[in-house]
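J.: Chains as they are written, first to last, in this note's numbering: chain A, 1 to 137; chain B, 1 to 137; chain C, 1 to 137.
Check before you lean on any hint, since a few could be wrong.
It does not matter which identical chain is used: a pair holds within one copy or between any two.
What the hints assert, rightly or not - Derived BS3-like pairs: lysine-lysine, alpha-carbon spacing no greater than 30 Å straight-line:
id, residue 1, residue 2
1, K13, K106
2, K65, K128
3, K106, K65
4, K14, K65
I should point out that these hints are in silico values taken from the structure, not numbers from a laboratory.
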Amino acid sequence: MRAHTEYLMFHTKKRRELVHLTPELESILESAHIDEGFMLVSAMHITAAVFVNDDETGLHNDIWKWLDHLAPEGPNYEHHRTGEDNGHAHLKSILMHHEVTIPVTKGRLDLGPWQRVFYAEFDGQRDKRLIVKVLGF
Amino acid sequence: MRAHTEYLMFHTKKRRELVHLTPELESILESAHIDEGFMLVSAMHITAAVFVNDDETGLHNDIWKWLDHLAPEGPNYEHHRTGEDNGHAHLKSILMHHEVTIPVTKGRLDLGPWQRVFYAEFDGQRDKRLIVKVLGF
Amino acid sequence: MRAHTEYLMFHTKKRRELVHLTPELESILESAHIDEGFMLVSAMHITAAVFVNDDETGLHNDIWKWLDHLAPEGPNYEHHRTGEDNGHAHLKSILMHHEVTIPVTKGRLDLGPWQRVFYAEFDGQRDKRLIVKVLGF
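Chain A extracted, bound-state conformation (with noise of 0.2 Å):
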């Protein structure tokens, strides 16, 4: 049984942003040396999520605006009152979750044929980490 850890770091340009991560999965998987077991791919920040789904850009605005009008932006937070301004995206990472499991076979990620990895930035333009972590044989 072995595990291997590594751990992704983030600077946004923008404050929103989604990074495709299935390449770079894939390749630590490979220095992994793992061929049956799970990747755990979880986000370390409360103001972002990681999620499954196309690699399309118009569903990608479709999912912004779905995420607008679900978790606004705005100033109607409590979370405010300590000095922040990013609630929307607490409740964003809520909605979205910050974590996936993936499951590895004959040391491949056993994804469909769809199925990408992203990382999903609610409140970047600074330092942010992500755990990749596989466990197995």
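Fit chains B and C to the known structure of chain A by using the hints.
T.: Relative to chain A, chains B and C alone:
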């Protein structure tokens, strides 16, 4: 340490459907010969979900109604410029999440008294796959 | 390879409550004697959630308000025909998700600087259980 992997195929008759998975997952666990570990149940498509809740028809109707309220079907998705008409199904998949991890203890799915596992199809009538992977010993 | 399983019991005084779990999870990890692996923290009931976010009271109030907006309490749930009155609590559980997987590295919960783990009760004042399972070596 062992890993056991199976793929379930779905081709639902209706575009939307809930499939109760618990009995099949219990039978997969029996084949796995794993007493302690985790079972990952993960949709391999991006217009479906896997979730844990009650096996109660009224509640299932409530869930569909709620999903249609939060991620409505309709023409106003940029994703549809690709020729697709299933933008809402992608959002529903993100909202419900596409995977669950079930603890395995003493050779049983360690679920609470009312917890049942479901596959939710949002854009069916075609071949879809789901992966069940058990890791443990 | 080892597995370590514990069950936490909750009987909240109020129907809704947030319980901060991180210190107890750290102490469970110490008992587990596992240095590398995953800790699954999963509610065993279908009207509760487990999530990771900030330990900040203002934000917690924002989360409750937001949950009530997206999955309101009220009489209009088909589920209530069974005699229940907690339809909203099931939807909140689905929205927040009932489980998280926490990476374990060098014998510590590998969380980011602001990440804290919470149990969210949506229909308490009765016995509820949560499972904590660590798998690794």
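J.: Indicate which option fits the pair K13, K106 if close means a Cα-Cα distance not exceeding 30 Å: within, between, both or neither.
T.: Answer is neither: 37 Å inside a copy and 33 Å across each miss the 30 Å cutoff.
J.: With identical chains treated as interchangeable, where does the CA-CA distance between K106 and K65 reach 30 Å or less: within a copy, between copies, both, or neither?
T.: neither (38 Å within a copy, 40 Å between copies)
J.: When no copy is named, should K14 and K65 be tagged within, between, both, or neither for a Cα gap of at most 30 Å?
T.: For K14 and K65, both the intra-copy (16 Å) and inter-copy (28 Å) Cα distances are at most 30 Å.
J.: Between the shortest in-copy and the shortest cross-copy C-alpha distance, which are at most 30 Å for K65 and K128: within, between, both, or neither?
T.: both (23 Å within a copy, 28 Å between copies)
In the structure shown, a violation is registered for the earlier hints numbered 1, 3, in ascending order.
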